Amino acid sequence: MRTLTEIWKRYKLGPLVLILLVLFLFLLPLPRWLAPERKLVSNSLLFSLTQLFMLVTLASDWNMTGGFTGYIDFGHAVFFGIGAYGAGVMMAKAGWPFVPALIVGAVAAAIFAVLIGSATLRLKGPYFSIAMLGTFVAMREIVRVLRPITGGGSGLTLPPYLNRPLFYYVTLILAVLVVAFVWWLRRTQFGATLVAIREDEVGAEMRGINTTLHKITIFWIAAFFTGIVGALWAYQNTFIDPDVVFFESRTIELVMMTMLGGLGTVAGPVIGVTVIYWLRDILWSNFLQFHLLVEGVLLIVIVLFFPEGIMGLLNDPSATSLGRLWGRYLGEGPKDAYQSTETETSV
Amino acid sequence: MDQLSQAAINGVMLGGFYAVMVLGFSIIWGVMGVINLAHGEFVMVGAYITWLLSKQLGWEPFATVIVVFPVMFAVGYALQHGLINRVIDRPYLISLLVTYGLSIIIANATKIIFTATPRTVDTAFSGFWRVGDVTVPITKTIVLIAALIIMSGLHLFLQYTRLGKSIRAAAQNREAARIVGIEIKYVYAITFAICIALTAVAGTLVAPTQPIYPFMGPPLTLKAFAITAMAGLGSIPGALMGGIVLGLVEVLIATFVPGVGTNLGIVSSFVILVVVLVTRPQGLFGGLKPAGAH
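Here the protein sequences line up with chains G and F, keeping their order. Per our numbering, residue 1 is the first one in the first sequence, and the count goes up by one each step. Per our numbering, residue 1 is the first one in the second sequence, and the count goes up by one each step.
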């Protein structure tokens with residue numbers, strides 16, 4: 001038991017990790033309650049939890065480049081699309097089974113990340129963001145034009161496979177794996193280097209860090225996991241076309257979720273995704289017509305008034321925009337204006 | 001050869017529209033450092049106002065400029081005061097996300113009000129010039145001439161009027177401008193209002209030449225970004241050259257590469273963007289400030 005306490009202390013396993021662990025153990029046996037004689041969990045709940053786990057994985061992937069390295073990627077969903085199409089083409093056109101097709105999709109996403117990243121990751125700030133947004137939109141058009149391979153605008157139909165519990169387990173394990181990976185990464189030299197690049201790239205370069213190599217490495221790792229999710233999503237959805245896969249707000253919702261949870265924190269994406277997913281469920285069931293409109297408003301509100309996210313609020317409430325507003329309300333006088341979106345990293 | 005000169009003419013005409021469309025984006029970025037991701041949506045709104053006036057009241061589409069400009073001027077002024085002012089001094093992620101949220105709101109509100117059906121605007125000037133074997137639509141000629149007039153007008157405004165000079169001063173050095181008595185907030189609001197109004201006028205100009213629909217904005221925003229990055233922030237000659245280059249590339253690809261149509265326009269603008277950014281990050285034409293400072 002002594003070693004366990006040591007690990008606890010050494011790695012600062014905060015209560016949040018514990019909560020996540022408990023949540024994981026609770027979620028693990030969920031499908032078994034599905035058995036017809038005990039009507040505890042409905043099939044649709046299992047489906048929406050699967051979607052939730054996929055989003056957690058995607059947001060954590062985005063957080064690797066956007067949160068830790070500080071390169072705000074506005075086109076991360078391009079890797080999702082490549083994963084989906086990589087797997088989809090192999091299954092629908094070449095008749096491969098799912099697992100090798102998934103590997104093809106994920107590897108294709110990683111290779112594309114290395115290629116596009118070695119050009120775009122040299123750009124700074126908004127130039128990188130918009131270049132990636134351009135990549136995303138351009139890839140949609142390329143997929144549409146490559147009709148013989150991708151089926152063009154009419155899309156591809158994959159062999160259906162309706163095993164909800166299996167998708168549930170796979171996505172749950174993938175989400176936990178990726179969150180654990182990010183948590184471990186943050187504690188390695190490599191992770192510290194990424195944060196150094198975010199805080200002061202020129203300084204990091206002067207210390208002899210090959211920043212481009214580090215950025216490309218984390219970029220393809222994130223793209224690889226994103227590609228896996230894309231392939232899983234394609235197989236679960238059994239139909240892919242350019243508009244469904246390369247959906248406009250697919251990336252920005254990841255940014256919004258991660259920001260609500262806390263940029264550059266391990267638990268941030270998990271919390272943010274869960275909150276927004278739950279909110280969106282309410283929106284969809286109440287205002288189907290207006291849900292995108294409301295999401296736009298939500299995005300602006302979160303970004304303007306809550307850029308430090310829930311993790312920022314937990315770490316140091318007085319340093320957040322909301323905290324300052326509250327302080328001013330209590331009459332402590334106006335403090336210094338806005339400083340930085342990046343909060344100190346912790347779990 | 002005829003095909004080539006036809007494509008070249010079409011490319012230049014398209015470039016004229018791009019140039020006038022990009023001005024607002026470029027000046028807002030150059031003066032306040034805000035990258036307006038809702039830019040294409042304002043083009044779309046201008047086009048929809050034109051469509052509404054010409055369908056409901058039977059106005060000549062090009063004449064709707066006299067309504068579009070003041071209405072969108074007011075909208076721009078109000079937006080700057082209420083929203084954009086809050087993001088100017090904050091990290092670029094904040095302004096990108098806020099303007100992206102704005103674009104989602106505008107596009108979806110338009111879809112709810114007018115449905116997603118593509119609309120066309122009819123004009124009295126639908127005919128062709130013939131020069132040799134090359135045919136030139138009269139509407140597109142009007143667009144090009146209007147673009148040139150707008151750009152020269154804007155150039156004269158920025159260069160010689162008092163307000164134009166204070167806009168340039170605010171772009172070059174905000175603190176110094178404030179010291180010599182320029183009301184920065186007012187200048188920013190007026191700049192934003194003018195830029196949004198010009199952008200909506202670009203929408204009016206494009207409405208008679210192509211179908212309009214609620215989600216036409218994002219590709220236009222990306223093209224505006226590509227042209228601005230290529231041309232330098234706030235540079236009017238740069239916007240013209242960049243617009244024409246992009247227009248030519250798009251039309252030439254659509255004409256000479258079989259089976260792709262116009263869809264690859266966005267791909268070509270993106271390739272130009274990345275190549276220019278990697279090789280010449282300060283832009284090709286100078287401008288208000290070096291492109292490295294966001």
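It is possible that some hints are incorrect.
A partial selection of chain F residues facing chain G, derived with a Cβ cut-off under 10 Å [claimed, not checked]:
| # | residue |
| --- | --- |
| 1 | 29 |
| 2 | 74 |
| 3 | 108 |
It should be emphasised that the hints constitute simulated quantities derived from the structure, not laboratory data. Keep in mind it's a predicted model, so treat the numbers as computed, not measured. Where a beta carbon is used, it is the ideal one built from N, C-alpha and C, also for glycine.
Going down the list of hints, with the structure as the test:
no. : hint : in the structure
1   : 29   : 9 Å, holds
2   : 74   : 20 Å, violated
3   : 108  : 4 Å, holds
Of the numbered hints given earlier, the model fails hint 2 alone.
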